[in-house]
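Construct the entire structure; sequences and hints are all you get.
2 protein chains.
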Amino acid sequence: MSLFREIISGNRQSLAQCLTSIENEDDNYHFLSEIYGHTGNAHLIGITGSPGSGKSTILNSLVKLMRKNDDNMGILAIDPSSQFTKGAVLGDRIRMQDLLGDKGVYIRSMATRGALGGLSNAVAGSIDVLDAAGFDRIFVETSGVGQAEIDIAANSYTTIVVLLPGAGDSIQASKAGVLEIADIIVINKSDYSHASLTKSHLLEMLDIASHSHNIDNNSINSSKNIWSVPIVSTVATSGEGVDELADNVYSHYKYLCDTGELEVRRRNRIRYIYRLLLQKQLYTRLENILLEERSIQQLELLMQGKNDPYTAVEHLMKWFDTH
Amino acid sequence: MSLFREIISGNRQSLAQCLTSIENEDDNYHFLSEIYGHTGNAHLIGITGSPGSGKSTILNSLVKLMRKNDDNMGILAIDPSSQFTKGAVLGDRIRMQDLLGDKGVYIRSMATRGALGGLSNAVAGSIDVLDAAGFDRIFVETSGVGQAEIDIAANSYTTIVVLLPGAGDSIQASKAGVLEIADIIVINKSDYSHASLTKSHLLEMLDIASHSHNIDNNSINSSKNIWSVPIVSTVATSGEGVDELADNVYSHYKYLCDTGELEVRRRNRIRYIYRLLLQKQLYTRLENILLEERSIQQLELLMQGKNDPYTAVEHLMKWFDTH
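So the protein sequences, as listed, match chains A and B. Using the numbering used here, read the first sequence as starting at 1 and increasing by one per residue. Using the numbering used here, read the second sequence as starting at 1 and increasing by one per residue.
In case anyone wonders, no lab produced these hints; they're calculated from the structure. Please note that a few of the clues may not be correct.
Note: identical chains are not told apart, hence a pair may lie in one copy or across any two.
What the hints assert, rightly or not - With a cut-off of at most 30 Å between alpha-carbon atoms, the simulated DSS-like pairs for lysine-lysine come out as follows:
id	residue 1	residue 2
1	K318	K280
2	K280	K306
3	K306	K64
4	K199	K306
5	K306	K254
6	K280	K103
This is how it looks when you write it as structure tokens:
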């Protein structure tokens, strides 16, 4: 049986092998191209928030609750790299241990590599594999750090942003542009002081944002077609508010289907992947150029102060364009 | 007089014009190539930390204090973009108002653009312009968000990371890899509770990191040549601890000069800029490819589900390589 057949027949060992190969950036264009025709059925859900915000614990409760409808759930937990965080992947497993015995749930952790764009490609590919493997809902979880968040928004049809009470976390999130990608906002640890203040602060920021959006796009939406970002208060450790979060996930999916927005987001994701793959190809060429004898010579001249980088790159690209 | 001559003769209006042109990503390769030969004299200092950590206030006091040695100071304040933060640039000016009357200090704010890699190129170019304009020390300040931080470390000979007391900020910094770029760590608002706990926590993390560094590099350093990252406690609003920070900035520069590490970092910065410029050239080509009739057709087939992105990109690159 082919790897692809094994995966769609539910062989978890083959699935794990396949995801490892994608994570290692093996040459698997042919395989991904083969499974691509079997994707497009899953509801893709992103969940992001700063470290310590309780994302994993919320995800654990949310998936457990949503399993009552018998959907198969795939979870991709992405860990942006740092030499300090080797324990994070294990930590995710511990916080999601409620789900480990459930055969309808598949959890996969993924660490970041150094290569520019490497993770983005791996995340997109892994989602497609889980989709082809028949998971009904696929959750992608990451910490609120730069590129990983952009990837989550581009890959998700529903994006959940988890914040902590107090001004610090929400200001940081708004600075980093994270609020702009949220379809649902969760204030976790809402039993702490300042939680209600944070909520009204957020409502204000979202109001400003939605106004400027409408002006920018010059669009006239009928009120029925507008999704108003809900703010859900949770206490992840006790499970409080997770039912309300699940309801909002279902409502958002219904909104996406009813308004045609799902198709818009599906198309945006395809455009994003197409661009990502082109980028990767060009990066490979960049790496190759840097290894060329001609490039090494140019760099050496730069080091000796015998040329400037602007002229060096101009010369190199002229040579590249004619070869 | 040429723009370049005007800038090195101290014309601030010409300097501002030139920096605006770089920020707008005008085609100024020729100009940057011309000034490049006059760079390499300034001490480049990066300062980063999460929003609200007090970076600007510290920088204000630090520059004021260091001005007593009569060095000319250039400050580049970078604001990673978000539609919510249009007031940030003004805020920086307010926090640095002590410096506004001083003719030996030049402050420039820079906002992020959407273009991938656009800011990185603009930051590197602006530093070179300030360097050629004769500033002895150039400070680059940014909020702790993703790519901007990587740019700061690559552009600086001395990197200062500002943290707040309490576990949250330092864990976030270590997750994001920010601690790894620090030459000097500042714990600001050290009059708050938890400040001393934060310091011992950080010392522990730095100890783990330096051990793993030594193993990774397999290097045997004589103790004289090792820079041990100092942790300075400050209260930015009262100026407490800023003299100690200044002393550490001077010591680090002396360390860089004495050990030859300055030359290593200067070379790394050149390599980084060279790579950045090559990347930009390839991005221009990517944008051009995406506009090609052939690419638009491929994308349309993808949208209709008549092709998969992997095959589409493979075809497109084959065509690109032969044209």
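First find the shortest C-alpha distance between K306 and K64 inside one copy, then the shortest across copies, and answer within, between, both or neither for a cut-off of 30 Å.
-> Intra 64 Å, inter 37 Å, cutoff 30 Å: neither.
Which holds for K280 with K103 at a C-alpha limit of 30 Å: within a copy, between copies, both or neither?
-> Neither: 35 Å inside a chain and 47 Å across chains, both beyond 30 Å.
30 Å Cα threshold - placement of K280 relative to K318 | both (21 Å within a copy, 14 Å between copies)
Since the copies are identical, ignore which copy is meant and state whether K199 and K306 lie within 30 Å (CA to CA) inside a copy, between copies, both or neither.
-> Neither: 58 Å inside a copy, 45 Å across copies.
Could you place K280 and K306 in one of the four classes (within, between, both, neither) given a Cα distance threshold of 30 Å?
-> between (32 Å within a copy, 22 Å between copies)
Indicate which option fits the pair K306, K254 if close means a Cα-Cα distance not exceeding 30 Å: within, between, both or neither.
-> between (63 Å within a copy, 27 Å between copies)
Going down the numbered hints, you'll see the structure goes against 3, 4, 6, while the others check out.
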